[in-house]
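No gaps in the numbering here: position 136 of the sequence shown is 140 in the numbering used here, and each next residue is one more.
These are computed hints drawn from the structure, not numbers from a lab.
We put the beta carbon where it would ideally sit given N, CA and C, even for glycine.
Heads up, a few of these hints could be off.
Said to hold, decoys possible - Computed cross-link-like contacts, DSBU-like style, restricted to lysine-lysine with a CA-CA straight-line distance of at most 35 Å:
{"no.": "1", "residue 1": "K369", "residue 2": "K348"}
{"no.": "2", "residue 1": "K59", "residue 2": "K135"}
{"no.": "3", "residue 1": "K348", "residue 2": "K59"}
{"no.": "4", "residue 1": "K327", "residue 2": "K136"}
{"no.": "5", "residue 1": "K327", "residue 2": "K135"}
{"no.": "6", "residue 1": "K327", "residue 2": "K59"}
{"no.": "7", "residue 1": "K369", "residue 2": "K80"}
{"no.": "8", "residue 1": "K342", "residue 2": "K369"}
{"no.": "9", "residue 1": "K135", "residue 2": "K369"}
{"no.": "10", "residue 1": "K342", "residue 2": "K135"}
As the list claims (entries may be wrong) - Estimated spans, in silico, between C-beta atoms of each pair:
{"no.": "11", "residue 1": "Y238", "residue 2": "A141", "range": "39 to 47 Å"}
{"no.": "12", "residue 1": "A82", "residue 2": "V115", "range": "48 to 56 Å"}
{"no.": "13", "residue 1": "L313", "residue 2": "K348", "range": "19 to 27 Å"}
{"no.": "14", "residue 1": "R328", "residue 2": "I234", "range": "48 to 56 Å"}
{"no.": "15", "residue 1": "G165", "residue 2": "M344", "range": "47 to 55 Å"}
{"no.": "16", "residue 1": "T108", "residue 2": "Y238", "range": "23 to 31 Å"}
{"no.": "17", "residue 1": "V154", "residue 2": "T347", "range": "34 to 42 Å"}
{"no.": "18", "residue 1": "G177", "residue 2": "G79", "range": "48 to 56 Å"}
{"no.": "19", "residue 1": "V154", "residue 2": "L317", "range": "27 to 35 Å"}
{"no.": "20", "residue 1": "A269", "residue 2": "A67", "range": "22 to 30 Å"}
{"no.": "21", "residue 1": "A82", "residue 2": "R328", "range": "25 to 33 Å"}
{"no.": "22", "residue 1": "R72", "residue 2": "T182", "range": "47 to 55 Å"}
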Amino acid sequence: MLPWLIQHGYFSLDRFPIGMTGDSTILLTARLAVASIMAFVFSLIAGPFAISWLKSRYRERIASDSARLNELHAGKNATPTMGGLFILISLLLSTVIFADLSNTFVQLAIVTAISFGALGALDDWTKISSKKNGLSARRKFQLQCIIALVISTVIYYSHRGLTEGTSLQAPIGSLAITLGVFMIPWSMVVIVGSSNGVNLTDGLDGLAAGCLVFAGLAVAALSYIAGNAILSDYFSEPFIPGAGELAVVMGAFVGACLGFLWFNAHPAEVFMGDTGSLPLGALLGLTAVVIRQELLLILIGGVFVVETLSVFLQVAYFKRTRKRILACSPLHNHFLFKGMHETKIVTRFWIVSALLAILALATLKIQ
Numbered sequence: 005m006l007p008w009l010i011q012h013g014y015f016s017l018d019r020f021p022i023g024m025t026g027d028s029t030i031l032l033t034a035r036l037a038v039a040s041i042m043a044f045v046f047s048l049i050a051g052p053f054a055i056s057w058l059k060s061r062y063r064e065r066i067a068s069d070s071a072r073l074n075e076l077h078a079g080k081n082a083t084p085t086m087g088g089l090f091i092l093i094s095l096l097l098s099t100v101i102f103a104d105l106s107n108t109f110v111q112l113a114i115v116t117a118i119s120f121g122a123l124g125a126l127d128d129w130t131k132i133s134s135k136k137n138g139l140s141a142r143r144k145f146q147l148q149c150i151i152a153l154v155i156s157t158v159i160y161y162s163h164r165g166l167t168e169g170t171s172l173q174a175p176i177g178s179l180a181i182t183l184g185v186f187m188i189p190w191s192m193v194v195i196v197g198s199s200n201g202v203n204l205t206d207g208l209d210g211l212a213a214g215c216l217v218f219a220g221l222a223v224a225a226l227s228y229i230a231g232n233a234i235l236s237d238y239f240s241e242p243f244i245p246g247a248g249e250l251a252v253v254m255g256a257f258v259g260a261c262l263g264f265l266w267f268n269a270h271p272a273e274v275f276m277g278d279t280g281s282l283p284l285g286a287l288l289g290l291t292a293v294v295i296r297q298e299l300l301l302i303l304i305g306g307v308f309v310v311e312t313l314s315v316f317l318q319v320a321y322f323k324r325t326r327k328r329i330l331a332c333s334p335l336h337n338h339f340l341f342k343g344m345h346e347t348k349i350v351t352r353f354w355i356v357s358a359l360l361a362i363l364a365l366a367t368l369k370i371q
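Turn these sequences into a full structure, and let the hints guide you.
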């Protein structure tokens with residue numbers, strides 16, 4: 005909205021030095037920063053009202069398949085959930101104000117947030133309103149794939165005419181594999197995988213939100229570079245015209261997550277639920293696909309990847325041997341079962357997430 009207002013003369017840029025405005029991006033750096041701050045402020049303002057409203061309607065029911073885990077989390081029973089609602093409202097409000105709404109990638113980000121958020125809300129509502137543990141894994145996965153198929157198809161058609169637009173980029177070196185139309189199923193894997201990875205990580209107070217802040221910052225920086233012809237050339241990364249606007253979206257993403265973390269830090273006043281974890285993970289995947297950094301996302305979101313792998317390995321090993329690799333999966337529950345305090349687990353996972361984000365950005369110069 006703000007770019008439109010500036011372009012149509014509602015705001016004047018005469019006071020800004022020459023060179024502060026780009027040819028297709030107007031004060032991108034400033035909009036990114038302000039979008040982040042405003043999303044944080046929106047979350048802080050909306051938080052108390054949202055929590056109060058959720059308390060009377062949507063409370064978490066601690067009913068996992070593990071009696072020991074239910075015992076450890078007994079004190080969290082009836083905590084308001086579906087807090088992802090005010091994360092998404094803050095993120096979308098800030099995006100609508102500060103991003104260029106005519107940009108295809110911004111439109112895709114909005115569609116992704118709303119569609120995956122609606123799916124997550126349906127899953128949370130099913131869990132709360134019945135004795136079911138949410139939607140069946142199969143049904144949820146099918147719906148995720150349908151949404152991701154539509155989004156991935158749009159990305160493919162927007163990228164197929166670009167140099168390296170459909171190439172899979174190696175994080176280190178100049179190796180690139182042209183995917184062509186196979187970019188569509190690959191993009192689906194990334195978006196759905198990222199969405200579920202964040203969902204599996206959301207099991208302790210502040211864990212997912214804190215890791216999302218670090219991952220979001222790294223992806224925002226990469227989006228900024230991808231949308232700038234000079235910077236993308238300097239770092240030998242694919243130039244994706246218009247991708248810089250996703251940096252504004254990711255700025256709002258980070259601010260909204262920080263605002264939510266204010267209330268979600270231990271002891272949590274509210275949980276994000278699938279309403280928050282599914283769309284936030286999908287947004288990370290979407291942005292990585294657009295800027296052609298899917299493989300680097302594996303490093304940036306290393307915590308989410310390891311959490312997901314821990315579940316797959318646990319299930320596969322148990323089916324084969326009837327024994328368990330971990331005391332309980334995902335990985336954070338293993339440490340909880342071993343007696344480590346929840347706050348220590350979360351803090352250490354944050355540290356790892358921050359280091360992975362720094363390492364991922366450091367690879368930009370290893371070309």
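Hints, one by one, checked against the model:
no., hint, in the structure
1, K369 with K348, "holds, 33 Å"
2, K59 with K135, "holds, 19 Å"
3, K348 with K59, "holds, 28 Å"
4, K327 with K136, "holds, 27 Å"
5, K327 with K135, "holds, 29 Å"
6, K327 with K59, "violated, 40 Å"
7, K369 with K80, "violated, 45 Å"
8, K342 with K369, "violated, 40 Å"
9, K135 with K369, "violated, 52 Å"
10, K342 with K135, "holds, 30 Å"
11, Y238 with A141: 39 to 47 Å, "holds, 44 Å"
12, A82 with V115: 48 to 56 Å, "violated, 34 Å"
13, L313 with K348: 19 to 27 Å, "holds, 22 Å"
14, R328 with I234: 48 to 56 Å, "holds, 52 Å"
15, G165 with M344: 47 to 55 Å, "holds, 51 Å"
16, T108 with Y238: 23 to 31 Å, "holds, 25 Å"
17, V154 with T347: 34 to 42 Å, "holds, 40 Å"
18, G177 with G79: 48 to 56 Å, "holds, 49 Å"
19, V154 with L317: 27 to 35 Å, "holds, 32 Å"
20, A269 with A67: 22 to 30 Å, "holds, 24 Å"
21, A82 with R328: 25 to 33 Å, "holds, 30 Å"
22, R72 with T182: 47 to 55 Å, "holds, 49 Å"
The structure fails to meet hints 6, 7, 8, 9 and 12 from the earlier list, while all remaining hints are met.
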